[in-house]
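Protein chains: 2
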Amino acid sequence: MRSWAERIVAGDARAVARAATAIENQTPEADPLMRELFPHTGRAMVLGVTGAPGAGKSTLVDQMARALRREKRTVGIIAVDPTSPFSGGAVLGDRIRMQAHHDDPGVFIRSMATRGWHGGIARASADIALLMDAAGRDVVLVETVGVGQDEVEVVRLADATVVVLVPGMGDDVQALKAGLMEIADVFLINKADQPGVERLQSELEAHLGLAHRPDGWTPPIVRTVAPEGTGIDEMLAAVRGYLDGKGSRSRGREMWVRRLREMLRERLLERLPEAELEAAAEAVAGRRRDPYSYVDEWLRKI
Amino acid sequence: MRSWAERIVAGDARAVARAATAIENQTPEADPLMRELFPHTGRAMVLGVTGAPGAGKSTLVDQMARALRREKRTVGIIAVDPTSPFSGGAVLGDRIRMQAHHDDPGVFIRSMATRGWHGGIARASADIALLMDAAGRDVVLVETVGVGQDEVEVVRLADATVVVLVPGMGDDVQALKAGLMEIADVFLINKADQPGVERLQSELEAHLGLAHRPDGWTPPIVRTVAPEGTGIDEMLAAVRGYLDGKGSRSRGREMWVRRLREMLRERLLERLPEAELEAAAEAVAGRRRDPYSYVDEWLRKI
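Taken in sequence, the protein lines are chains L and P.
Under our numbering, the first residue of the first sequence carries the number 612, and numbering increases by one thereafter.
Under our numbering, the first residue of the second sequence carries the number 612, and numbering increases by one thereafter.
Bear in mind the hints are in silico, worked out from the structure with no lab data behind them.
The structure presented is a predicted model; accordingly, all values stated were derived computationally and were not measured.
Take the hints with a grain of salt, since some may be wrong.
[What the hints assert, rightly or not] With the C-beta cut set under 7 Å, the calculated list includes, among others, these residues of chain P facing chain L:
no.: 1; residue: 888
no.: 2; residue: 899
no.: 3; residue: 903
Built from N, CA and C at the ideal position, the CB exists for glycine as well.
Assemble the whole structure, with the sequences as input and the hints as a guide.
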């Protein structure tokens with residue numbers, strides 16, 4: 612009988628799904644499993660897709676999956692959804708997607724809710740990307756609404772990041788975009804059949820003329836109309852152009868600095884007894900002691 | 612001559628501004644200063660205001676500040692803006708606001724960019740709220756776009772949270788709202804002069820009928836038209852109703868559990884030498900070793 616890890620490496624969808632659940636719920640099995648899988652990773656292209664709400668990311672990701680399937684590449688999709696931190700419930704869109712790729716074992720889909728307060732979403736989605744990589748997926752598409760730090764961190768763990776903009780959005784949404792401008796390896800103007808495309812293109816070009824990346828890369832701007840599939844091939848070509856030009860090695864190292872830091876942070880916090888934390892919180896809330904000296908004391912103890 | 616902390620407690624705006632900068636930049640002076648200020652805190656009402664982009668939060672917060680000033684209360688405003696993680700630049704809206712309250716020393720305003728990757732924005736904004744509390748502000752309004760976990764965490768550190776919704780927004784924005792539904796102590800339907808108000812009210816009521824909070828509180832729904840100031844007094848009354856009913860003690864303790872955890876996490880990470888982290892990242896990126904065993908090893912060492 613084959614082990615869990617062996618079944619994953621062989622591409623068994625059920626074994627992959629069970630592993631993704633273990634990673635999300637941080638069960639004790641997850642770490643040993645990931646250790647076993649890690650040597651089988653490093654082959655997949657992990658592509659982050661992010662943008663403001665309403666930019667049409669889901670349709671884009673579906674079209675990208677279709678285009679990749681036409682090239683006979685296997686695909687994993689990780690959709691990170693900003694649902695309730697309390698219920699962490701399932702996502703309606705997921706069921707719709709499941710149906711679209713229902714008959715195709717070449718597409719794995721996993722939705723993740725951004726539940727929990729300990730910032731674990733970036734770690735979990737990165738581990739699930741590794742899992743899909745170990746399971747032999749050629750390309751892993753990670754989709755997220757790029758608005759919070761955690762969401763941005765999710766796509767920063769990808770090999771390349773596509774930032775999706777749409778013409779004619781309001782000022783407040785433009786402000787949101789600001790946080791995304793500098794993480795884009797490729798810009799997409801989606802809904803490029805709508806008014807305002809030329810203006811958005813000029814704005815983007817003006818921005819790119821001012822912002823010089825340390826690595827010398829100037830992100831190309833690609834126009835798409837997602838429901839019709841227009842521009843999808845051009846977008847994939849732009850991403851490959853970026854990855855070919857950069858090589859993945861140095862990017863990989865930089866990414867692992869961030870990931871290791873995040874993993875360590877999460878594990879360290881598990882070590883402080885909850886009762887001690889609660890007693891301290893009680894004292895601080897009552898102003899009997901200040902929080903800064905508690906933290907100092909804990910640091911000396913650990 | 613008075614010390615820095617003494618000048619802050621006396622309400623000196625320049626001393627407060629300098630302290631806010633020290634907190635944001637995590638300079639070595641920040642911690643001892645906060646320790647000195649902490650016994651002077653615990654009097655201000657800290658009110659979080661959050662909602663989807665375009666919900667009119669800035670105008671609302673300005674109107675709340677005006678209403679509070681009419682009651683002769685002093686106000687602090689902390690605006691958390693999702694700007695570039697790299698440049699962390701100043702925020703245009705801030706200048707506009709500054710002008711609106713320019714002649715009034717009873718209003719302190721501080722904008723914070725959500726720069727940096729270590730999740731420090733919640734800690735920093737909470738410390739700045741404490742700073743304004745120590746400086747004698749009666750009410751501190753913390754405004755943020757409630758979309759990422761960090762942004763939500765920012766308002767979770769407040770005494771009460773107002774979630775701003777507007778009628779007639781699209782499905783994708785509705786999904787964003789989902790993350791906010793359960794952190795609301797008071798719901799606001801802003802732009803209540805626009806079509807779709809009744810429908811949004813019914814949807815909210817349906818949601819509230821299903822979701823029962825552990826503390827038994829049912830968040831009231833208040834309608835506002837921010838530019839005209841309509842509903843602002845009702846909203847403040849609703850917030851006070853919540854705080855009167857709950858008492859702040861138990862809420863304070865719960866909040867401090869989260870804050871202490873966050874503070875500890877941040878400090879712990881500073882202890883891992885960067886060179887060691889980078890060497891490990893290099894080995895992991897080259898697949899010479901897996902990240903999980905590195906983290907285990909560090910945990911044993913610390």
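Against the structure, the hints:
1. 888: OK, holds: residue 888(P) within 7 Å of chain L, min 6 Å.
2. 899: Cβ of residue 899(P) sits 10 Å from chain L, so the hint is violated.
3. 903: holds (5 Å)
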